[in-house]
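Quick note, the sequences are listed as chains A and B, same order. First residue of the first sequence? That's 22 in my numbering, and the numbers climb one at a time after it. First residue of the second sequence? That's 22 in my numbering, and the numbers climb one at a time after it.
Since no wrong hints were added, every one of them can be taken at face value.
All copies of an identical chain are treated as equivalent in the list; a pair is satisfied when it fits inside any one copy or across any two copies.
Taking lysine-lysine and the BS3-like style, the derived pairs with C-alpha atoms no more than 27 Å apart in a straight line are:
id: 1; residue 1: LYS265; residue 2: LYS179
id: 2; residue 1: LYS254; residue 2: LYS295
id: 3; residue 1: LYS42; residue 2: LYS62
id: 4; residue 1: LYS62; residue 2: LYS29
id: 5; residue 1: LYS29; residue 2: LYS95
id: 6; residue 1: LYS372; residue 2: LYS307
id: 7; residue 1: LYS394; residue 2: LYS42
id: 8; residue 1: LYS33; residue 2: LYS95
id: 9; residue 1: LYS29; residue 2: LYS295
No lab work stands behind these hints, which were simulated from the structure alone.
Protein chains: 2
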Amino acid sequence: MTKQAEDKSLQKLANLQRQHKDLINLMPLQTGGMLTEAAKKALIEFGDGYSVCDFCQGILCNISNPPIQEFVHKILPEFLGCEIATMTHGARESIFMVMHSLVSPGDSIIVDSTRHYTTVVAAERVGLNIIEVPNSGYPEFRIDVNEYVPLIKNNAPKLVLLTNPDGNYGNISDARRLGEIAQEYEVPYIVNGAYSVGRMPISMAEIGADFIVGSGHKSMASSGPCGVLGMKKKWEEIVLRRSKTYPKKEVELLGCTLRGTPLITLMASFPYVKERINHWDEQVSKAQWFSSELEGLGFKQLGEKPHRHDLLHFEAPLFYDISQRVREKGYFLYKELKERGIWGLQPGVTKAFKLSTFAADRYQLAIVLDAFKSILRKYS
Amino acid sequence: MTKQAEDKSLQKLANLQRQHKDLINLMPLQTGGMLTEAAKKALIEFGDGYSVCDFCQGILCNISNPPIQEFVHKILPEFLGCEIATMTHGARESIFMVMHSLVSPGDSIIVDSTRHYTTVVAAERVGLNIIEVPNSGYPEFRIDVNEYVPLIKNNAPKLVLLTNPDGNYGNISDARRLGEIAQEYEVPYIVNGAYSVGRMPISMAEIGADFIVGSGHKSMASSGPCGVLGMKKKWEEIVLRRSKTYPKKEVELLGCTLRGTPLITLMASFPYVKERINHWDEQVSKAQWFSSELEGLGFKQLGEKPHRHDLLHFEAPLFYDISQRVREKGYFLYKELKERGIWGLQPGVTKAFKLSTFAADRYQLAIVLDAFKSILRKYS
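Chain A on its own, in the form it takes in the complex:
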């Protein structure tokens, strides 16, 4: 780089700004991760590197000031319906930790075919053989958890995983039935709740799972990267095994994981998150209403119906047709929505789109519906 180009780049770094900050947010990755005012305050209070560690005595999750210990060892297990909880860098890192602790390279695991890509990548990092339970295909893509049974019988898996809901269609599967199956066949069972923990009521114990995974930045009103992992007590000695050389340090956590701001935002937002899951039925009816309105405009909702989650996936042939004849191609939609104060559909994509109704209220969603109508009219 020339000196001049470098100066320009450095100047840009010192003044980073986010274009979408104050728009109506429909981005599935973001609607459950928006900070509370308490979290914003905590972010500045503990922004400096390692400032959560002032009173560390060797174990991050045992720090009493700020009250990480009480949060991780009392409040969080109760919330997750588990016996033991810990902090991680995210849902994917939680899943990797469990795989790496329980399953040996070459062994098989069984997962739903609507799993997040990181489940596959985590398994690849450990060297595992992944077997996928098929889904019902277009248009609902449902998982029937009974289909785990023959695969378990034939493959002696070391772990089964269910993504609930899945992140692509927002389908909710019968996690509890899979809990019975896993117990019957004595296979450890992990629920990926990246889009449920913090949005809706979910309990590892009620499901009958061995592990539950949540995402702070996706669904617990936290900064990224941030995750939680809950488990039955019987797995503690395996997944949270201590170092032989440093008996205070947990090997899978490399001593400590989330030593900073994401943890502090998770904690600061938690009282709000704990309360908001009580209003899940309102979220579901809002999503269903929005979906039926969009269908009335000619979009087709994929995934299960009636829908039971705020993650929605629509086919949009009308938008795709427009993208074929405008200069901006698929980006016309991003541009049109942004001009109307709306953000969250993947820029450039029009054939089908995902969105989440979690953060917007009905008034804002009505604005979104009007925007869709007005865009369709403009290009008709």
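Please arrange chain B on chain A, whose structure you already have, making use of the hints.
Relative to chain A, chain B alone:
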């Protein structure tokens, strides 16, 4: 928990405060991680979960808005003196990634005996055999890198590691000589620069290493958790290998690593960090001055002399004697310093203490020296 106890706990979470925020900070873990004003602004701007990912096209480090791509692929490699760089959750996670990619369970690696505990835990997580290069022992604890040679000859290690400086004594070893040795014996060489990258000039290429690791929260004015990893191009296909199923996704990063606020603070602070390393000689002379003043008061500096880093370790028999006869035991020192506006010595510890002169200026360090004198006087 009773309802009442729970309400109290939740209330505490919604109002998290840091006691040490505005004190003179001597905490070795923290003095290099204090945020710039630009980083504080960016923290709020991108505080919401996953808000750095607005324009992601599948690879975190290729996002152009905010300019992560330019930062990770141009600016950072130049800064680290490497060909390829990536973002991680921290120095320990960088080291684990390299070990996990290059070394098989049961293989040996050689590390300095002043390594951070996480080097041992990361090796344990991969299942490696660790061989340590001895140090010179009390009082300097120096590493002579020539002592790697016989150990390399006898053990055919798959990796050598040097912690430079070490985090306990702040000793700087001859990293460049070890580069020659590693090249001669064709062993991959990783430098743990958690306390150098972002504080002082350091270049992987000049050292002749294969990998360099840095810590955002420890030494690059960032929120935690946050790290960088630089490497020679020849290691890219191994350490940053792509998933067979998802060709955009790097396996060791589980797709993406630092998807949030710590990355954004690292970027926002970077122009300042890049500039501050030019003043390293002033940092060193400040540390030497402070050390000689403390020695004048009867404390004994451990580690190499003259010292070449802001991390300082002192034996403090005078404080220890006091701790034996006061009610607060070792905590008297924490309390006395805090009352004088000073923070950073491990609470409860008096026999020896570590501190860092990096963040405090000479005026503030004079206040610290006066405080030490006044405490000694008070209890004499």
